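Participant: So the chains spell out like this:
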Amino acid sequence: MKLAWRNLFRNKRRSFIAGTAIGIGLASLIFVDALIIGMKNNMIRSATASFMGDAQIHAEGFRQTQEVDKTIHKFAELKTQLDEEGIIQHWAPRVTNLAMISSAADVSSINLVGVNPDQEKYLSQVNQSLIQGDFFKGNNERDIVVGQELADTLDVELGDRVVVTAAQAGTGDLSQEMFWISGIFRMHIKEIDSAMVFIRITVAQELFGLGDKIHEIALRFPDPSYGQNQQLNLWDKYSQYGNVAEGWTDIMPQMKAALDLFDFSTYLVALILFGVVALGIINTLFMSLHERMFEFGVLRAVGTKPLGLFRLIVFEAGSLAILSIGIGLILGFVLTYVTSKVGINYTGIEFAGVTFRDLLYPVIKVSQFIEYPLWVFIFTIIAGIYPAVHAARMNPAKAMRRSL
Amino acid sequence: MVDSQDKELIVTENLKKVYSSDGVPVEAVRGIDLTINSGEFSAIVGPSGSGKTTLLNIISGLDNATEGEVWFKGRKLSDMRSSALSDLRRDHIGFIFQAYNLIPVLTVEENIEYIMLLQGISKEERHQRVIEILKEIDLKGFEDRKPLQISGGQQQRVAVARAMVSRPSLILADEPTANLDSKTGESLLDMMRKMNETTGMTFVFSTHDPMVMDKARRLITIKDGRIAEEKIKEGE
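Protein sequence lines, in the order shown, are assigned to chains B and Y. Residue 404, in my numbering, is where the first sequence stops; the numbers in between run on with no holes. Residue 236, in my numbering, is where the second sequence stops; the numbers in between run on with no holes.
Next up, chain B with everything else stripped away, as it sits in the complex:
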């Protein structure tokens, strides 16, 4: 062991270069993992915090058909239950369906959403994304909040008049209401900025002819990860009476697929990096081996068994791994820590239907500094087996051909 460790520092420059190369591999692995966790969190946050919520309750089939008649059953009972539900931080009722909005200049199809402003502010970020006006200040029932892109399409400004036309539940009769633009928002999400329009929930219920019924309850948990936890009894509890409660992974399966792709990417990156690391180790050990061929011959001559040489090379691989891990941990920590504080600007970029709205902050986890180094160590030892077997099998006389 002592001999192996000292041999590592025989050619300091080579060991340092090899250690740094492997260390950079490890650091990259730690950083990529932290980045992907940060990216996933950011995507989840962008998707759930902007409007969707961590989970939603609908009437069965509503989400698939968007039929205005499919309203949530026993809403009055649910309200009491939701208020008492410990795991639910906030909830907000919504009425939502397709409609038509027209101004003096143009007309556009929209997704009209009726909201309770007091509850909605905890579920969506529309009020935080306002660039003009207010998010339902006061009690004016004619207030309407639209996205910047839609405002541009309709060529309207704050205070301008628009008319919303929607089909009523039950009869399918068209109903029209006039509104004044009271707020314009920009969330940097094209689908929302160009097609989502907010009015008060009571007005929407009247417009759609729903009475006091609603289409959607958005839920906010203390942690978005609850939304993907299938073990929660909340899903069964609220999937009764013809309702269905679903987490964000069910509501946005494409995002779940994207997150799975991220995990796969991590494995792929790990595989490539480990491949590079393995070649680096094998190359370093073989260079060292060929340089010291005669010395290995001497060691065998004086009675070192083939297994002893094998162990020596494996220990050298282990020593190289320890050096590399030391370098990799320092580089990985510095890189990840700095970027986790400064952030990486991916805002405005859309991926899997989600637009990044915040800076991306890599997430440091203790496991990254334990598991990956452990893998590098194990992998280095495995990579060291090939040159170790080569050393163990060498003919001592051939190795020492120069002399005895």
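Hints listed in this document are in silico derivations from the structure and should not be mistaken for laboratory results. If you're wondering where the values come from, they're calculated on a predicted model, not measured in any experiment. Do not rely on the hints blindly, as some may be mistaken.
What the hints assert, rightly or not - One-sided excerpt, in silico: chain B residues whose CB lies under 7 Å from chain Y:
no.	residue
1	6
2	7
3	10
4	298
5	301
6	302
7	303
8	305
9	306
10	396
11	397
From the three backbone atoms N, C-alpha and C, an ideal C-beta is built for every residue, glycine too.
Assemble chain Y onto chain B, guided by the hints.
Facilitator: Same frame as chain B, now just chain Y:
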């Protein structure tokens, strides 16, 4: 019979070795019958390429013979596996090389104790033996130095100490004086001869150094892979 076996340390019978050099067979050893008895101080002499080194490689189990047999203390080397041959060398054979071949990352003490470490000797005993032998080779106080921190002559003395410290039956020395000046070489040879006389350890040199030939009691001359002449000096 028992006495004879005790006396015969190495016996070779019709030893042949054919190498392949770029596909061309090269006969390095062409049928050598040789007996080395315990306590000998012998030299295998001959020009470069005569087969001296190949012969030493084969009798120490470092290389296999193409034909013929080698017996070491009555044990047939061809019947022994690689691991058993390692044990044999570790416990019975000490090597001294032309280029010293100390391990540069180990100190003088660590180089000398290496074989004892393989033998599983305790740390205390290893240290004690190292100190004793360093005193004998006049290198006491050098134990913590690395090989590159001492002279060539001192390195070769350390190599001699490494070969002898485990008290083997046989020391094989390949051109041990080739890299030394004549004074240092002579002093080293005197030291080895003294050890031969006091401990009964067998020494076999491969050399073409006249000084070694002069000190050796038996000269085995090899030419073209065969023993050309054997000479035992009377009265030594």
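Participant: Answer holds if the nearest beta-carbon of chain Y is closer than 7 Å to that of residue 305 of chain B; otherwise answer violated.
Facilitator: holds (4 Å)
Participant: Quick check on the hint: residue 303 of chain B CB to chain Y CB, less than 7 Å?
Facilitator: Check passed: Cβ of residue 303 of chain B comes within 2 Å of chain Y, closer than 7 Å.
Participant: Hint validation: residue 7 of chain B versus chain Y, beta carbon distance must be below 7 Å. Holds or violated?
Facilitator: At about 6 Å, which falls below the 7 Å cut-off, the nearest Cβ of chain Y leaves the hint on residue 7 of chain B intact, so it holds.
Participant: Verify the interface restraint on residue 306 of chain B: the C-beta must sit less than 7 Å from at least one C-beta of chain Y.
Facilitator: Given a least distance of 6 Å, the restraint on residue 306 of chain B holds.
Participant: Interface hint check: residue 301 of chain B, Cβ to nearest Cβ on chain Y, cutoff 7 Å. Holds or violated?
Facilitator: holds (5 Å)
Participant: Under the criterion of a CB-CB separation shorter than 7 Å, is residue 302 of chain B in contact with chain Y as hinted?
Facilitator: holds (5 Å)
Participant: Given residue 6 of chain B as an interface hint, is its Cβ closer than 7 Å to any Cβ of chain Y?
Facilitator: Holds. Min distance 4 Å.
Participant: For the restraint on residue 396 of chain B, tell me whether the closest CB of chain Y is nearer than 7 Å.
Facilitator: holds (5 Å)
Participant: Should the interface hint for residue 298 of chain B be scored as holding, given a Cβ-Cβ cut-off of 7 Å against chain Y?
Facilitator: holds (5 Å)
Participant: Under 7 Å is the threshold here; is the Cβ of residue 397 of chain B close enough to any Cβ of chain Y for the hint to stand?
Facilitator: holds (4 Å)
Participant: Should the hint that residue 10 of chain B touches chain Y count as held when the rule is a Cβ pair under 7 Å?
Facilitator: holds (6 Å)
The structure fails none of the hints (numbered hints given earlier).
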